[in-house]
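In the UniProt record's numbering, the protein residues as written are 1 to 283.
Rather than coming from a laboratory, the hints here were simulated on the basis of the structure.
Please read all numbers here as calculations on a predicted model, not as lab measurements.
We put the CB at the ideal spot given by N, CA and C, even for glycine.
Don't take every hint at face value.
[Unchecked claim] Ranges of calculated distance between the beta carbons of each label pair, as one might list FRET restraints: (1) E57 to I114: 48 to 56 Å; (2) T163 to P77: 50 to 58 Å; (3) P77 to R156: 56 to 64 Å; (4) K211 to A3: 52 to 60 Å; (5) I117 to K59: 36 to 44 Å; (6) E272 to K152: 30 to 38 Å; (7) T163 to T123: 19 to 27 Å; (8) K152 to K59: 47 to 55 Å; (9) D113 to Y182: 43 to 51 Å; (10) D30 to W265: 52 to 60 Å.
[To be verified] No farther apart than 35 Å at their CA atoms in a straight line, the calculated lysine-lysine pairs in the DSBU-like style are these: (11) K152 to K204; (12) K23 to K64; (13) K64 to K149; (14) K193 to K249; (15) K193 to K264; (16) K249 to K219; (17) K193 to K149; (18) K59 to K19; (19) K149 to K211; (20) K239 to K219; (21) K40 to K19; (22) K116 to K19; (23) K204 to K149; (24) K191 to K264; (25) K239 to K193.
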Amino acid sequence: MDAEIYAISQALERITDAKTRKKHFWVFTDSQSAIQNLQKDQMETEVYRDMRQNLEEIKAQGRKVHIHWIPSHTFIPGNELADMAAKKGARNADPEIINSARTSISRSFIKRDIAKIAREEWTQYWKTTNQGQQYSKFQTSLELKMKAKELKQADRLTFTTFTQIKLGHGYFKSYLVRLPAYENNLCHICKVKQTPEHILMSCKQYRAEQKTLRNTVLKSKTGPGPGSGPGSNNELSLKRLLCTREGIKATLAFLKETRIATRKWMVGEVNEEMEWGSIDREV
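Taking the hints into account, I'd like the entire structure generated from these sequences.
Listed below in structure tokens is the structure:
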């Protein structure tokens, strides 16, 4: 918006200095916010003060300025030419001219610019860091918005479990094996690595619940990717369970019903594993 404001300011200066008998002048802009801010008396940046001063001078000259909004990129010749000129100016900008320009940058522009730079730096770090590799499988950018309202509405335990599964840090042995109390990372029933993917999709102990989960998600039209390959509508994947609206909804229901990957569930798993170990030794 700062560029549009500056453009209007320059137009008003030209009108002020114009050697002509014309009494009416038209300024067209595709920035509604620029026009709205110009109407606010509390806008006290230098460029706004200059614009108001120019308007007063134009009025004193017996002239009238009409500032109108026009939609951008609608094949209006003048607007298209202005866009082309702006792009050319941006490519060939002289830093000394920019620094000496009689204008000021708004606080909102600075905040947006800082946020943009910070986001770019974090995105680059996100792509190159070795930390958070489990989560980066699903979250390839720093998009923070929740994809499903069900996440906001879920009870605290279910939401926490869902988040821990997505992070790969929670009550499952693929993570807990790093602690002294856990000798291995195996599911005591299936004898394979107990990962989030295993307990959600293939553990024998939850066949019935997994069937419901699978049917609910596969009958929906959502999927991370098109085609018949991985991520298609015909295939269930951890990414589909955790990153699509229908997948999230079904997974939350599954977690609430089974209470897997919670502290209480893991304590029960450990006790059950100890009982199975005793039976094996007796046999």
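Checked hints:
no., hint, verdict
1, E57 to I114: 48 to 56 Å, "violated (36 Å)"
2, T163 to P77: 50 to 58 Å, "holds (53 Å)"
3, P77 to R156: 56 to 64 Å, "holds (59 Å)"
4, K211 to A3: 52 to 60 Å, "holds (58 Å)"
5, I117 to K59: 36 to 44 Å, "holds (41 Å)"
6, E272 to K152: 30 to 38 Å, "holds (34 Å)"
7, T163 to T123: 19 to 27 Å, "holds (21 Å)"
8, K152 to K59: 47 to 55 Å, "holds (53 Å)"
9, D113 to Y182: 43 to 51 Å, "holds (48 Å)"
10, D30 to W265: 52 to 60 Å, "holds (57 Å)"
11, K152 to K204, "holds (30 Å)"
12, K23 to K64, "holds (6 Å)"
13, K64 to K149, "violated (52 Å)"
14, K193 to K249, "holds (26 Å)"
15, K193 to K264, "holds (20 Å)"
16, K249 to K219, "holds (13 Å)"
17, K193 to K149, "holds (32 Å)"
18, K59 to K19, "holds (15 Å)"
19, K149 to K211, "holds (24 Å)"
20, K239 to K219, "holds (16 Å)"
21, K40 to K19, "holds (30 Å)"
22, K116 to K19, "violated (43 Å)"
23, K204 to K149, "holds (31 Å)"
24, K191 to K264, "holds (21 Å)"
25, K239 to K193, "holds (19 Å)"
Comparing the model with each earlier hint shows violations of hints 1, 13 and 22; every other hint is respected.
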